[in-house]
Amino acid sequence: AQSVAQPEDQVNVAEGNPLTVKCTYSVSGNPYLFWYVQYPNRGLQFLLKYITGDNLVKGSYGFEAEFNKSQTSFHLKKPSALVSDSALYFCAVRVSSGGYNKLIFGAGTRLAVHP
Amino acid sequence: GAVVSQHPSRVICKSGTSVKIECRSLDFQATTMFWYRQFPKQSLMLMATSNEGSKATYEQGVEKDKFLINHASLTLSTLTVTSAHPEDSSFYICSGVRESVNGYTFGSGTRLTVV
Chain L
1 AQSVAQPEDQ
11 VNVAEGNPLT
21 VKCTYSVSGN
31 PYLFWYVQYP
41 NRGLQFLLKY
51 ITGDNLVKGS
61 YGFEAEFNKS
71 QTSFHLKKPS
81 ALVSDSALYF
91 CAVRVSSGGY
101 NKLIFGAGTR
111 LAVHP
Chain W
1 GAVVSQHPSR
11 VICKSGTSVK
21 IECRSLDFQA
31 TTMFWYRQFP
41 KQSLMLMATS
51 NEGSKATYEQ
61 GVEKDKFLIN
71 HASLTLSTLT
81 VTSAHPEDSS
91 FYICSGVRES
101 VNGYTFGSGT
111 RLTVV
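Chains as they are written, first to last, in this note's numbering: chain L, 1 to 115; chain W, 1 to 115.
No wet-lab data here; the hints were simulated from the structure. Any given hint could be a false lead.
[Said to hold, decoys possible] In silico contact screen, one side only, chain W against chain L (beta carbon under 7 Å); selected entries:
# : residue
1 : V3
2 : S5
3 : T80
4 : F106
[Stated by the list, open to error] Only pairs whose alpha carbons sit at most 30 Å apart, straight line, appear in this in silico DSS-like list of lysine-lysine:
#  : chain 1 : residue 1 : chain 2 : residue 2
5  : W       : K20       : W       : K64
6  : W       : K41       : L       : K77
7  : W       : K20       : W       : K41
8  : W       : K20       : W       : K55
9  : W       : K20       : W       : K66
10 : W       : K66       : L       : K49
11 : W       : K41       : L       : K22
12 : W       : K64       : W       : K41
13 : L       : K58       : W       : K55
14 : W       : K64       : W       : K14
15 : L       : K69       : L       : K58
16 : L       : K49       : L       : K69
Fair warning: this is a prediction, and the values are worked out from it, not measured in the lab. Think of the CB as a built atom: it goes at the ideal place given N, C-alpha and C, for glycine as much as any other residue.
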């Protein structure tokens, strides 16, 4: 079955330190991978996506993610965390089903950045 | 960038009544829209795929007679929760698709509370 996993419920990091939010996937064929961020009672904001090409993808707000095919991972990273980065982060993979290309989401990881 | 407008942001209704949630793609044509449901501190669960001019496709376990979806134009999809019950209380989010750029744009969500 095609799926995406986020092994950490929560990640805690001090402001100014680098952060990593982990994501692994299981899909058939070439994966299309996405990261979104959600603030309380809000929809999802797009951060970045990997479709093809460079394994290191740069996105919004200083975030980047590295696609690793051998480890089937797509971890989200940022060199220096901000308190305002505290939010819920979702990794997603595009799957084809019933004639449509749908996004399937991981369970989400809550990022808490402490001053 | 692409914007999806979702209304209302919050709604409280009485048990047994129906509630309509609207999603509009403001600057692009969304032939396909996805509807998700999110329980507190949980991930997004895909409910159905809405396609302009045809019947919606529902995920397994989702009652199509309870969650009526209409996609009457290329910019508007609606979700109607019929005969709402307290267990229908949740956060509902729509997503418009731009296949040409693998873009999935989310609405800001609707918090439904059934009392």
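Hint check, failures only:
Hint check: 1, 2, 3, 10 and 13 fail, others pass.
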